[in-house]
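Chain A is already provided as a structure; the job is to place chain B on it using the hints.
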Amino acid sequence: MTRPHPFAIAAAAVLAAWLAGPAKAQTPAAPGATATVVRLAPRQGLPARTAALLLSGQTGGDVAISVAVVPVVVRPEGGRLALVVDVDAASFLGEPTTDPVRLELAVYATTPAGVIVGSLLAGAVLDPPQAGEARARGGLKLLGSLDVPPGEVEVRVLVQRAGSIAFGLAETVAAVPAGQERFLARPVIDEPAGAWLVALPEGPLGWDALALADGIFPATRPVLRPGSEIRARLVGRGLPGPEVQVRVRRNDGTEAGRVGMRRESDDRAGGLEVRRVVLVVPAVAPGDYTFEVPTGGAGDEVSVVAVPVVVAADGTVAAAWPKATAPATSVAAGVAEPAAGGASEPAPPAHLRVAYLDALSHFAPDDPGAAEAELATFERDALRERGPDAQKRLQSAELDVAGELARREPAALFALLQLHVGLARTYGAARAAQPQAHTFKLCDGLAALTVRSAGKAGRAPAADAMACLAGSSQRVGAQAAAEEQHRITLLLDPENTAALEGLAAGLERTGRYREAEKLLTQLVAKRPNSLEARLRLALTRQRMGDDNDVEALLRACVAPGGPEWIRAVAWQELARLGIDAGKLEAAATVLREATAALPRDRELAVLRAFVLDRSGRHGEARAAAVRLTSRSSDAASARFAYSELPATELDRACAALATRVSDGAAAALVRAVAAARAGGPR
Amino acid sequence: MRLAVAPVALLAWLLATAAPAVTVRITSPPPGQAAYGVVKVQADVQPAGAISEVTFAVDGRVFATLQRAPFEASTDVGPDNVEHRFEVVAATTVGETGRAQLVTPRIEADQEVQVELRQLFVTVHREGKKVLDLRPEELRVFDDDKEQRIVTFAGGDTPFTAVLLLDSSTSMEGARLKAAVDGARTFAAAMRPLDEAKLLVFSDRLLHTTPFSGVGEVLLAGLGTVSARGGTAVNDNLFLALSLLDGRQGRRLVVLLSDGADSHSALAMTDVIRKARESQALVYWIRLEPEGKASGSGSLVSPWHDAAWYRNQMSLLDEAADTTGGRVVVVRRADEIAPAFAEIVRELREQYTIGYYPSGSRHDGRWRKVSVKVSRGLGDKLTHGAYQVSTRGGYVDE
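Line order of the protein sequences matches chains A and B. Just so we're aligned, residue 1 is where the first sequence starts under our numbering, counting upward by one. Just so we're aligned, residue 1 is where the second sequence starts under our numbering, counting upward by one.
One or more hints might be untrue.
[To be verified] Label-pair ranges, simulated between beta-carbon atoms:
| # | chain 1 | residue 1 | chain 2 | residue 2 | range |
| --- | --- | --- | --- | --- | --- |
| 1 | A | D549 | B | G224 | 47 to 53 Å |
| 2 | A | H618 | B | F142 | 39 to 45 Å |
| 3 | A | H618 | B | Q33 | 28 to 34 Å |
| 4 | B | N312 | A | P286 | 55 to 61 Å |
| 5 | A | K518 | B | V330 | 40 to 46 Å |
| 6 | B | L132 | A | R592 | 49 to 55 Å |
| 7 | A | E620 | B | G224 | 33 to 39 Å |
| 8 | A | H618 | B | E217 | 30 to 36 Å |
[What the hints assert, rightly or not] Chain A regions said to be covered by chain B (calculated; three or more residues, Cβ under 8 Å):
| # | segment |
| --- | --- |
| 9 | 604-612 |
| 10 | 619-631 |
| 11 | 636-645 |
[Said to hold, decoys possible] Non-contacting residues of chain A with respect to chain B, defined by C-beta distances greater than 12 Å in every case (computed):
| # | residue |
| --- | --- |
| 12 | P96 |
| 13 | G179 |
| 14 | R249 |
| 15 | D267 |
| 16 | E374 |
| 17 | D601 |
| 18 | S662 |
To be clear, the hints were calculated from the coordinates, so they are not data collected in a lab. Since the model is a prediction, treat every value here as computed from it, not as a measurement. All residues carry an ideal CB built from backbone N, CA and C; glycine is no exception.
So here's chain A without its partners, still in its complex pose:
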């Protein structure tokens, strides 16, 4: 029995999670044909949505992508991974447009424990001719590098079309050996020039062991013609002998044949052995296969490294990319990736960094209000600065400082988040639209930074902060911002009850009952004792025309002991079930019980008067109307209370964030700010 080498790239383990790669035939390039190259520029700052998607554990999306990662430099302290991402043009570009198309690439490398040890953020702009060319060629090839420490890492790649909700997620595993042990990386099969629109960073890639030549680029999923001779590269240490047999397996695991792989040349680069090899593609039926290259061992203990390939009879491009599968949560679909600005972000202005730190120096764990006032003054002044990018410069400075503080004291970010969430609330109450909009973006960046710094452990606190922010947004009427913030919260933490409750309330208000019902069902499952969740679920189902469990849900809400407004609304709706069904007697019975339980509820009394009137008891109905209109009251009605935004879970999220802050994060912020101002090493 064969099994993968422990340090081999366990590509086979994640192949099932890949989207099918582009089918590009390894046909000889036309003489002089070279791939068009666009620039892949580095980006600073990671939106929370991107961070949440990268760590969501999901793959798929609307955009089909495939990924290959190969170590190209190995040193005792770590190594460099070559990253190749192939992007299907049709699913990425969508409908043709005359506007430039912006591509955003985000990559995280995380340890098995979920700690982020490497990242890459970059973007490219395709003008219309370039987009057309990508479409004609069928795809884009993105090349980059990732520096990681020794050991195994999970590499997660996100490609997004800026200004839309289209994205693709894929993951793979890579390893940089810590010592001098033998290993073999995923074999690299090259693709001919001219097959792609290629995006490269400015400057050298640093792929020492995988030098690029004559426009030949590694393929993530090669297309091979049966009987054709192909060239490949093996990278590793202690490479197998000059002649090895490569096993060809079908998708079902059965063997389709074996081919000989012949050494052409050997070299060394980046601390690695590099061998160029040649092999002939076997005469198998067209389809998906895996080439398994042995790395060592014998008999049943042979280790292999696998690479997926497509065998196409005529060598032409195979069927279009398979339909991308959307991730499990549809929440992501609702949040668009903000369109990035120009090719590069402005450098954080030094004077703003200094001023921000000065404002933060007023922070005291027992008096966060003092810092908030200083911060508000600082931000307002910064936003009044001349120049078109005042908001971007401010955000850049604040995030840069936050990054520095996080490096000194990771917990400081929680306190910083709480501070700015509080500031968002203050701006909202004062109707200061521009500072509020800035704070929304800043909190988004801080949440992403929290995730970046703390990895998976940072998701829950970042989620609580975003939920708290969303609640503030909702309360000041910034519904669109609140909805986006709730969705980001759910990307970070799909079971965050504050976001489930808050987003459902927002959707209810805008008639999107189906989605609200799904969220409320989750909330009821997570919080079975929440009467408010049950009530809202019952009413939302009613509005959808779905009677499933409505009466049972309402009955659960009328029991004594619950909040009076919830009981009242539930009783009213139970009565309405009878009225709407034409069962006046049943409605009257409900109302007798209800008015006995809640004699002061006006709406129950109105319903009772109505039922009396409809039942022909006009005198009693009139008498009830006289009673109901003889006295005024300032008490808000139960139905009005229902229309207010729910706060139970939101308060819980804000309290959780506050607890983290009081549990040491505040002190961490004080220390980090002091150290940063003192100018110590970052």
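Then chain B, alone, in the frame of chain A:
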């Protein structure tokens, strides 16, 4: 002695048979005619110049006191088929009195049939102007397409009972609420003796209420302290207003000032429409449009209802006004509110009140269509199209 007694006796006889200083004669209703609903009582009082006051009473209840001619006043005697005793007493400036009485009979019938007098409040226009001089014989009433005999008729100033519903939800904050209060003042100032009204200021709760009263000060007391807050429960309060008016006689109406966007009622508008159709009250809706927006634009949503529901709500509220014989008055600016109230009162003063007993009534809960036509001069085929008649479209035959 015999000669002394004779002149005294003659004087006594003369005194006993001398014509009174004041003569009163009831000229309407005519003797022998049964009286139902609103009845106009007219009296001829001589000598008119020496009269200090003339009192009108029915069944022992004084309903009008006048100081100068014409001596006529209206009262609602109710729908019951009973005798009524009308009395008019005139007093002179020197304390002399004269009186007249008239007893109207009840209709004798072989079978006692409970039929409620239906009252219609009719406005007639021709070429854009109100027609105020129609006589009863120039109006024709059709109930389920069968022509009906008009039993009572009054033109002009028939007393009314009104419920004023003022929306004081958060959206009414500021100038709008002030204008609404001014509108209520305008209405109260235009009320006449025998008119009554009740004021309900509502949001999702009842913020202010008054008893039914014909006294302006009672209606307006405390109104200055009301502030706009809360949601909107139009349907519930409209239902309650219609229910209150069920127990009243005569011309009844609800004047609702609101943008109509109900967000917190327990009752649906379909529930209220049914009540409106059954009621004999008119519903007038002073519809507040948001300033700057086209009429009917509906982008309202709430946790309770979606945009489609709100559009339907507005449409049904329109229908409620229309089906009762009232109407919708659209206002876009706060300064248009008080004039809208004044317009409604003016319209009320220019309505005809017609009463009839529906023939073929079955009390089967069915909707019976009602229409009124004008037949003047050349016959209704030629004149009807020239007149626009507004009245309720029908009623539920309960």
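Going down the list of hints, with the structure as the test:
The beta-carbon spacing between D549 (chain A) and G224 (chain B), approximately 50 Å, falls within the hinted interval of 47 to 53 Å. Between H618 (chain A) and F142 (chain B), the C-beta spacing of about 27 Å breaks the proposed range 39 to 45 Å. For the pair H618 (chain A) and Q33 (chain B), the beta carbons lie near 31 Å from each other, so the given range of 28 to 34 Å is met. In this structure, N312 (chain B) and P286 (chain A) meet the distance hint of 55 to 61 Å, their C-beta atoms being roughly 59 Å apart.
As the Cβ distance of K518 (chain A) to V330 (chain B) is approximately 41 Å, the hint placing it in 40 to 46 Å holds. Under the hint 49 to 55 Å, the C-beta atoms of L132 (chain B) and R592 (chain A), about 52 Å apart, fit the expected range. Distance hint check for E620 (chain A) and G224 (chain B): the Cβ-Cβ separation is about 36 Å, which falls inside the suggested range of 33 to 39 Å. Distance hint check for H618 (chain A) and E217 (chain B): the Cβ-Cβ separation is about 32 Å, which falls inside the suggested range of 30 to 36 Å.
Figure legend: the segment 604-612 of chain A, annotated as covered by chain B; annotation consistent (5 residues with Cβ-Cβ distances under 8 Å, at least 3 required). Counting residues of the segment 619-631 of chain A whose CB falls under 8 Å from any CB of chain B gives 9; the rule of at least 3 is met. Beta-carbon proximity to chain B at under 8 Å applies to 6 residues in the segment 636-645 of chain A; the threshold of 3 is reached and the given coverage holds. At the 12 Å boundary, the C-beta of P96 (chain A) stays outside the reach of chain B, the nearest C-beta of that chain being 33 Å off.
No Cβ of chain B approaches the Cβ of G179 (chain A) within 12 Å, the least distance being about 63 Å, so the stated non-interface status holds. Here R249 (chain A) stays apart from chain B, with its beta-carbon at least about 55 Å from theirs, past the 12 Å limit. A cut-off of 12 Å between C-beta atoms confirms that D267 (chain A) is not in contact with chain B; the least separation is 68 Å. The beta carbon of E374 (chain A) is kept farther than 12 Å from every beta carbon of chain B, the shortest such distance being approximately 35 Å.
Look at D601 (chain A): its CB is around 9 Å from the nearest CB on chain B, not clear of 12 Å, so calling it non-interface is violated. No beta-carbon of chain B comes within 12 Å of the beta-carbon of S662 (chain A); the shortest separation is about 34 Å.
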